[in-house]
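> Here's the letter readout for the chains.
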Amino acid sequence: MRRLAVRGARGLAWAFLAVLFISSLGAGWLAPAPPEKQFREAPNSPPSRAFLLGTDDLGRDRFSRLLHGGRISLLLAPSAALLAVACAALVGGMAAFGGRRVAGLLTGATDLTLSLPWLLLLIGVRAALPLDVSPPVSVGITFAILGLLGWAAPARVVQTGVAGILSSNYVLAARCRGLSWTRIMVRHVLPNTRPVLAAQFWSSVPVFILAEANLGLLGLGVTEPMPSWGTLLRELESCLTSGQPVLAQYWLFAPALVILFAVLSLVVVFPSEVNS
Amino acid sequence: MSFRARVAAAVFLAFAAVLPAAAQPAPGGQLRLAIQAEPKSLDPLLAADEPSELVRHLTGGVLVRLNRQTQALEPELAVKWSAAAAGRKLRFELRQGVTFSDGSPFSARDVCHTFQRVMDPKIDSPASEPFRSVKGGIACSPDGNHAVNLSLGEPLAGVERLLDDIAMQSASGNARAVLGPFTVAEHRAGSHLLLTRNTNYWKKDERGVRLPYLDGIRMELQRNREFELMRFRRGELELVNNLEPELFDRLKREAPAAARDLGPSLDSEQLWFNQSPRGPLPAHKRAWFTSGEFRRAVSEAIRRADLARIVYRGHATPGVGPTSPANQFWFNAALKPPAGDPKEALARLARAGFRLEGKVLRDRGGNPVEFSVITNAGNKSRERMAALIQQDLAEIGIRVSLAPMDFPSLIERITRTFDYDACLLGLIFSDLDPMGQMSIWLSSGPQHQWNPEQKAPATEWEAEIDRLMRAQAAEPDRQKRKQAFDRVQQIVAEQAPFIYLVYRNALVAASPALGNAAPVILRPQTLWNADRLYMKAPAQVSQR
Amino acid sequence: MTAESGELLRARVSVDYEGRGAVLRDLDLRVAPGEIVGLAGQSGSGKSTLALALMGLLDPRRAAVRGAIHFRGRDLLTLPEREFRSLRGKEIAFVLQSALASLNPAMRIGAQLREAWEVHRGRGGDWKAEAGAALEAVSLPRDDAFFRRFPKDLSVGMAQRVLIAMAVLHRPALLIADEPTSALDVITQAEILKLFRGLNAAYGTAVLFITHDLPSAASLCHRIAVLHEGRIVETAAAPEIFERPRHPYTKRLIEALPRWEPAPA
Ligand SMILES: Nc1ncnc2c1ncn2[C@@H]1O[C@H](COP(=O)(O)OP(=O)(O)OP(=O)(O)O)[C@@H](O)[C@H]1O
Ligand SMILES: [Mg+2]
Chain A
142 MRRLAVRGAR GLAWAFLAVL FISSLGAGWL APAPPEKQFR EAPNSPPSRA FLLGTDDLGR
202 DRFSRLLHGG RISLLLAPSA ALLAVACAAL VGGMAAFGGR RVAGLLTGAT DLTLSLPWLL
262 LLIGVRAALP LDVSPPVSVG ITFAILGLLG WAAPARVVQT GVAGILSSNY VLAARCRGLS
322 WTRIMVRHVL PNTRPVLAAQ FWSSVPVFIL AEANLGLLGL GVTEPMPSWG TLLRELESCL
382 TSGQPVLAQY WLFAPALVIL FAVLSLVVVF PSEVNS
Chain B
890 MSFRARVAAA VFLAFAAVLP AAAQPAPGGQ LRLAIQAEPK SLDPLLAADE PSELVRHLTG
950 GVLVRLNRQT QALEPELAVK WSAAAAGRKL RFELRQGVTF SDGSPFSARD VCHTFQRVMD
1010 PKIDSPASEP FRSVKGGIAC SPDGNHAVNL SLGEPLAGVE RLLDDIAMQS ASGNARAVLG
1070 PFTVAEHRAG SHLLLTRNTN YWKKDERGVR LPYLDGIRME LQRNREFELM RFRRGELELV
1130 NNLEPELFDR LKREAPAAAR DLGPSLDSEQ LWFNQSPRGP LPAHKRAWFT SGEFRRAVSE
1190 AIRRADLARI VYRGHATPGV GPTSPANQFW FNAALKPPAG DPKEALARLA RAGFRLEGKV
1250 LRDRGGNPVE FSVITNAGNK SRERMAALIQ QDLAEIGIRV SLAPMDFPSL IERITRTFDY
1310 DACLLGLIFS DLDPMGQMSI WLSSGPQHQW NPEQKAPATE WEAEIDRLMR AQAAEPDRQK
1370 RKQAFDRVQQ IVAEQAPFIY LVYRNALVAA SPALGNAAPV ILRPQTLWNA DRLYMKAPAQ
1430 VSQR
Chain C
80 MTAESGELLR ARVSVDYEGR GAVLRDLDLR VAPGEIVGLA GQSGSGKSTL ALALMGLLDP
140 RRAAVRGAIH FRGRDLLTLP EREFRSLRGK EIAFVLQSAL ASLNPAMRIG AQLREAWEVH
200 RGRGGDWKAE AGAALEAVSL PRDDAFFRRF PKDLSVGMAQ RVLIAMAVLH RPALLIADEP
260 TSALDVITQA EILKLFRGLN AAYGTAVLFI THDLPSAASL CHRIAVLHEG RIVETAAAPE
320 IFERPRHPYT KRLIEALPRW EPAPA
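Residue numbers (the numbering used here), protein chains in the order written: chain A, 142 to 417; chain B, 890 to 1433; chain C, 80 to 344.
Treat the hints as calculated values from the structure; they're not laboratory data.
In the SDA-like style, the derived pairs of lysine to any residue whose C-alpha atoms are separated by at most 25 Å in a straight line are:
#1 B:Lys1232 to A:Arg181
#2 C:Lys231 to A:Val408
#3 B:Lys1248 to A:Phe180
#4 B:Lys978 to B:Glu1364
#5 B:Lys1248 to A:Arg181
#6 B:Lys1269 to A:Ile282
#7 B:Lys1248 to A:Ala168
#8 C:Lys231 to A:Pro332
#9 C:Lys231 to A:Val409
#10 B:Lys1369 to B:Ser1333
#11 B:Lys1269 to A:Gln390
#12 C:Lys169 to A:Thr323
#13 B:Lys1269 to A:Pro386
#14 B:Lys1141 to A:Pro386
#15 B:Lys1225 to A:Arg181
#16 B:Lys1269 to A:Ser186
#17 B:Lys1174 to A:Pro271
#18 B:Lys1269 to A:Met367
#19 B:Lys1248 to A:Pro175
#20 B:Lys1269 to A:Arg181
#21 C:Lys273 to C:Ser218
#22 A:Lys178 to B:Asn1268
#23 A:Lys178 to B:Lys1248
#24 C:Lys231 to C:Ile266
Some chain C residues well away from chain A (every beta-carbon gap over 10 Å; in silico):
#25 Gly98
#26 Leu158
#27 Gly203
#28 Pro220
#29 Leu233
#30 Ala269
#31 Leu293
#32 Thr314
#33 Glu334
Owing to the predicted nature of the structure, the values given are computational and were not obtained by experimental measurement.
Cβ atoms here follow ideal geometry from the backbone N, Cα and C, with glycine treated the same way.
Using the sequences and the hints given, assemble the complete structure.
As structure tokens, then:
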């Protein structure tokens, strides 16, 4: 019974992801309107046949923006997460394995990264970038920033994880069998860090989708008029924080639900790496 | 409706609101409102921020008051004044029988004491700023107890209006002695400020009842505007000034009688191109930005009505010149904002040597026309306006990229590095007189933002503006000054160094329980006539 | 002290942990070829520490080892790591204290056995046959289905047997077993003890049997050494320890035992 349920959930997740990917990739054909087109006579309109999810402040079709936004967010949030987790694995692994000095140096670097005034640094980054960054380039820069900023917190987790593995009995047992360190790293340590890394990866993806939106407040992030899921979420966020009755504009939740289901589906589809 | 008609309507509405309430104002009651920031100083001569200026307005007595409704100067502590020696000598006759809140009599000595403090470089009062440029300075001498002579080294146009900012202080040195309707009774930093009635205030109403009607005014520090509005709806506050369009619309739905759109304020939003030779712009871009035809074409392509309707939900008024229609005397009514016609803009661009190739506008050298617009990130209205302008200009083949950034970085770019193409910002005006805008229009001025602090005017039209501004500053006749400044406004509309977009409307909320409320666009909006505001008895309050 | 010929292992070591002081003080222990020696001592007395010192696996950053450990005539303490590595698992095998945790959870049993084989014999050999033989020796199935299992699919007793099978894969001269029975139920304990006895008989493997359980040591070992305060305070043949304990600590150990039967005659 349980197996069947799991299999059913997995099938559903695959189907959802497939629909999502196809509709994002085919957004150009599927979307009823170009994502940047402003229907100026109908800003802030509720859902209708013409605008399935209504329009935003500038009269842009929210449904079209959701489809187009998926291209950016679905592709780039995972890439940024991959970059962040790769950095985290490298730094965290080295910190756990290296001598006391290396460990001290790397944990210091991690702590520093976590405590740095990123706001100011990002402002500096914005200042250093040219002003007329084209939207596609801004996308690349955004996710590079996210990836490079996002490594520190996972690095800590990875470090404790790897340290735990290194002091585990099975590593000691492997040494008792006469295995070399390289072999132990490859065969015993790395495979066992996978759940840690995967958990970090999956938790980073939605965080990055959101963080991208918040970078917009610093003038970074995906620039207008290109849509991203993050900018759609920001709409919901400002509605929630404004103290208005949120259910009156229930359709603003659509992007959040899509993101939630996308992340859940990804988790269901790649279960072995997350469980255990 | 024309702008003038709209202003007239707003004024009429304001009066209409007063009329039914004018029945029998009864003294007593406390008015409660929120301030968004702590007043930086309670010394009236140091007030430079909005809350401090509000406290100054409510507690200070001045020689001459600008009537916020009629925008005319009115006698206050000076019953009469006259100018002589081509405006270099001013004589004020003081009101008699006026006493400070501490009971001491007000006399010419106090006036001269106040001016001495204003001009004291150690005090560095913001009120002294307009006088600093006066060669030979100013001197005050009492003429008996009830008159003073003020002499200036050279004439200063519109000098009387500056007196609205100078609250008289007691020569006895008692800093708490005031001449306005209220005195500061309690100040809890971070919490609230309590003003109570000045029982020695000199004004009486038509029936001989001593003003102010209110016992006190309680100002609570409340940074979050959502909370402020919520408290207003709960009846914990009697008025809200300077509302945001979104909050205003929400209030309008729930309490239509309380929310009032007063029409355009003095505050403008504008876009300008960087013309400073100090910036690292490539030659072809500088050529566009310094071309009057290019700037005007951009101005003509922008659909200002859409900005007002979509971004400000209709609570803004399209504009093209530096003066808002709200400025009754100085507004140049001959200037009409362009409707936003891409054909007109393209025709002008074609005359200036630009051509549309497919969807891309190119200059004579074949460079595609594209530029970036910086604005302060987090300001939703500006970000939205920029996105609308981006689309409008895409229609004439100009690719605009948006670069919102934090405010300090933006200021750094527009004042130091000049590393930007175009900037979208707003200006807040409190001074109706063009004298308050000298630093903007003079080519040597620091706020001549498109190309500040020039040694010599870079263009013919800037030279002409310089001449006109200097001429009106030296001209005692107000009508002649107006002619000169009308011409300045016309040049600005034609040359579009600042592309004026909209004037934000003044949006306020006043509780129906507040009698005599007649909000105006000039600060302090609903509180301009604080001495005549009163709390209605519950039966009097009608929820229309 | 001179009869080196009859010795497989002779250890005289002191171990200090950083920040804790001496755990072993000039401890002296011998194991003859084919001999089963019990090492008894209460929890925390340093039994595991000694075992790790013998394997050369104490973290040099945290523990200082002094003295000499002679194994087949070579001093292990001065042996280069590379050579020591070729001894580990091949000539000296070690079964760690907690069985299940000693298996890599992410690796199949077969892969772990294969790895244990190939590390000393290289690829190409018939690891399956060898591993199968070892599994058979510990009474485990040798079929492919078992090879494909993950550690989480094993019981503690099975895991302990897999570890012992892995340890005897290369027929080591010395097998150190650190409390191999303490986590097991009584029946499984008895089976494991039998297993050690069988392996000792079949391969002539010497066993250092670490335990705090005197009776099971007594049933298995030729000799029992009692560890107390970092020293071996008494070494004697198994029955003798019970009958005539000499050191007061040994006496206390024996008195603390639950008495299931009348004291041995
Ligand atoms: N890495 C270490 N650093 C510091 N002290 C340690 C370390 N490992 C063990 N110790 C201490 O050394 C002493 C001996 O530990 P050891 O594990 O050798 O005892 P044991 O006799 O094996 O105990 P048990 O029967 O519980 O397994 C203990 O007091 C322990 O706290
Ligand atoms: Mg132990």
